[in-house]
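**Student:** Residues per chain are reported as follows:
2 protein chains.
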Amino acid sequence: MRKKVSTLKEIAQKLDLSTSTVSRALNDHPDISTTTKQKVQKLANKLHYTPNIFAQGFRKNKTNIIGVIVPNVTHYFSSTLIKGILKEADIKGYKVIITESNNDIKKQSEMLQTMAQFGVDGILMSVSKKTKSFTDILDIMNRIPLVLFDKVSYKIPCTQIVVNEAEASYKAIEHLIQTGKKRIAIIKENKFSYNSERRYEGYLKALKQNNIEIDNKIIVSCEDLNLEQGRRMTKLLLSLKHKPDAIFTITDSAAIGVIKTLKRFKIKIPREIAVVGFSNSLYSTIIEPKLTTIDQPGEKIGKTAVTYLINEIENPEERTTSKTVEIATNLIVRDSSLKISY
Amino acid sequence: MRKKVSTLKEIAQKLDLSTSTVSRALNDHPDISTTTKQKVQKLANKLHYTPNIFAQGFRKNKTNIIGVIVPNVTHYFSSTLIKGILKEADIKGYKVIITESNNDIKKQSEMLQTMAQFGVDGILMSVSKKTKSFTDILDIMNRIPLVLFDKVSYKIPCTQIVVNEAEASYKAIEHLIQTGKKRIAIIKENKFSYNSERRYEGYLKALKQNNIEIDNKIIVSCEDLNLEQGRRMTKLLLSLKHKPDAIFTITDSAAIGVIKTLKRFKIKIPREIAVVGFSNSLYSTIIEPKLTTIDQPGEKIGKTAVTYLINEIENPEERTTSKTVEIATNLIVRDSSLKISY
DNA sequence: AACGTTCCCGCAATCGTTTGCGGTAGAAAA
DNA sequence: TTTTCTACCGCAAACGATTGCGGGAACGTT
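Residue numbers (my numbering), protein chains in the order written: chain U, 1 to 342; chain F, 1 to 342.
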């Protein structure tokens, strides 16, 4: 069994001190003399003493656990976020409990509940894009520090860590325009997806600033974009009389579908139609031609989110001011779009 | 703050009962009358009572947390394992704490320590292939139930959940032979990698059973196989006078490197050289030609591991018998290998 | 010598829950 | 009526660490 661990009492007895003294000695309390501290430290090391985390948490009402809720751990981007979270949390001495919401709002609010009930010190969440009611989230927020990342919502007044989506897609479209493309299609999700909408914003802005007409025929949307949907949307775009000369998808996996379909129809990439994705996923260098896409620094986002969350946990006065932190992205030009020629 | 939660004492006071009675009522203890139980239940629901997990854990020395240690969460296969773990743990009422070892044995043993000190009820681990000393693992094992999965070691006497690696690669090689290939190369890792060795076993067995000569020139190894190494190894194999007509890699990502290199050298896949990978990673359908590979059901492995672990946690007598559970794999034939012609 | 300080340290309560043991009321048996 | 037996329930200790408070010893100050 687990009863091999030593307790404060044991140390106290062996040293003929009280448990309080031992506790204070270990916590470097000023009331304790240096000699006593040293003696206690020494014996504690020898006995491999480690404080019982439950007694501690129980007493201090602190668990040093942060809860993380993501839609799906198998998405590459999610996993890079998690990597960053784990790394930073480890450094700061926190443990991480991870759960999946699977984009199911019922599950999501359930997870929120159990996390709270479990007593995590703070919650890091990527909100499901289907979330329509925020009451439960707001409720939790009153009790536990919450930081949103990646998929956020302006309806929740807490600190949010995001990439500058609009700017990122603005850069992507700018790039396409600079390479001479004039009829740029976008494949996006419907308006309930926060990220999709912001990326769409950037698209619109870039076109407007370059005096390019916005044509709704080459703006296609669907729910839950994926490779298959990418394929379908591409066929739709190819059936147009006036075809696009570039396709921007708000997702890498959709972009893969686009490329595969274009290749099947023997359309030259990027000369006839250029393709740009979003995410810099693992696929992007596997597919041929290699995909031009936007790199979202997942690890950095995760790390930043943890930093802000722990800050709010440890400094409750910080909790009132909710900020939005934007992480910069990079456009990575590969073979699916033209190079700029001077 | 968090002080909104109600306690046993509160309920007891409002109902003019003792906390013990309330506790027993909530735990469905036979000593308590049905009417009392109902009253308690009702009020508990009304007050949104949830037991303080720390007081509980403190008292019962049980946390309902299982610790998971994997080398790298961003590997697709790892993330599917995690998905399975999360799902099953959630069903069984356990929380999951995840950490990465990054294939660093120091980190790994550190993680093991903090998990133990943290008081997890059990540990699920995929051991780093560099692990040479097992003393710390064995030490932990005496205190906490441990189940190994994916990357295991026969030097640790605990239950292990693996795919039948040897059989899987045997199937792969058999398939290649049946499609007429006679000179089959293998790209593997060095002998410190448990998985690699077992896959190599299957390779050897298949060749022997089909009376095919084993040629060490087309058996190439390296440490930490990846896409780049796949490329390098392929060039090495192509430089041979007597080239292989099929390449089996023990990793999908290496297989991608192989395919990319073969394409660069204008070698027809699968006619001149067929390629088979291992893992059924996400890449396998992105690359062209699509990769023939072995599907490892990650979610199922994760789920199974959790099941066995919780069984050992809740039934200490089970802990003595250590079993090896093998999960079946499937060969998925795609375009990088020939179809069998009858 | 009497008093005030400072430095260390111990006592005991506390956190919320569980559980062994003992106790009481009421019913049933004598 | 007395005794025995259930069926229910409460008392209090326990888990391990933390902390307010109080106190003794040693020293310095008048």
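Check before you lean on any hint, since a few could be wrong.
Identical chains share a label here; the pair holds if one copy fits it or two copies do between them.
Said to hold, decoys possible - Listed next, the in silico PhoX-like pairs over lysine-lysine satisfying Cα-Cα at most 25 Å (straight line):
#1 Lys-290 <-> Lys-87
#2 Lys-39 <-> Lys-83
#3 Lys-60 <-> Lys-235
#4 Lys-9 <-> Lys-62
#5 Lys-151 <-> Lys-300
#6 Lys-171 <-> Lys-191
#7 Lys-62 <-> Lys-241
#8 Lys-83 <-> Lys-107
#9 Lys-46 <-> Lys-208
#10 Lys-37 <-> Lys-260
#11 Lys-130 <-> Lys-191
#12 Lys-235 <-> Lys-92
#13 Lys-62 <-> Lys-132
#14 Lys-241 <-> Lys-92
#15 Lys-106 <-> Lys-46
#16 Lys-191 <-> Lys-106
#17 Lys-208 <-> Lys-171
#18 Lys-106 <-> Lys-268
Bear in mind the hints are in silico, worked out from the structure with no lab data behind them.
**Student:** For each hint, tell me whether it holds in the structure or not.
**Tutor:** Hints versus structure:
1. Lys-290 <-> Lys-87: Neither: 30 Å inside a chain and 35 Å across chains, both beyond 25 Å.
2. Lys-39 <-> Lys-83: For Lys-39 and Lys-83, neither the intra-copy (40 Å) nor the inter-copy (47 Å) Cα distance is at most 25 Å.
3. Lys-60 <-> Lys-235: Neither way: Lys-60 and Lys-235 sit 60 Å apart in one copy and 61 Å across, limit 25 Å.
4. Lys-9 <-> Lys-62: both (22 Å within a copy, 21 Å between copies)
5. Lys-151 <-> Lys-300: Within. Shortest intra-copy distance 15 Å satisfies the 25 Å Cα cut-off; inter-copy 29 Å does not.
6. Lys-171 <-> Lys-191: Within one copy only: 21 Å inside, 48 Å across.
7. Lys-62 <-> Lys-241: neither (63 Å within a copy, 67 Å between copies)
8. Lys-83 <-> Lys-107: both (23 Å within a copy, 15 Å between copies)
9. Lys-46 <-> Lys-208: neither (70 Å within a copy, 56 Å between copies)
10. Lys-37 <-> Lys-260: Neither: 68 Å inside a copy, 63 Å across copies.
11. Lys-130 <-> Lys-191: Result: close within a single copy only, 11 Å intra versus 49 Å inter.
12. Lys-235 <-> Lys-92: Neither, since 50 Å and 45 Å both go past 25 Å.
13. Lys-62 <-> Lys-132: neither (31 Å within a copy, 37 Å between copies)
14. Lys-241 <-> Lys-92: neither (58 Å within a copy, 56 Å between copies)
15. Lys-106 <-> Lys-46: Between. Shortest inter-copy distance 21 Å satisfies the 25 Å Cα cut-off; intra-copy 49 Å does not.
16. Lys-191 <-> Lys-106: For Lys-191 and Lys-106, only the intra-copy Cα distance (21 Å) is at most 25 Å; the inter-copy one is 48 Å.
17. Lys-208 <-> Lys-171: within (13 Å within a copy, 58 Å between copies)
18. Lys-106 <-> Lys-268: neither (45 Å within a copy, 51 Å between copies)
Of the numbered hints given earlier, the model fails hints 1, 2, 3, 7, 9, 10, 12, 13, 14, 18; all others are met.
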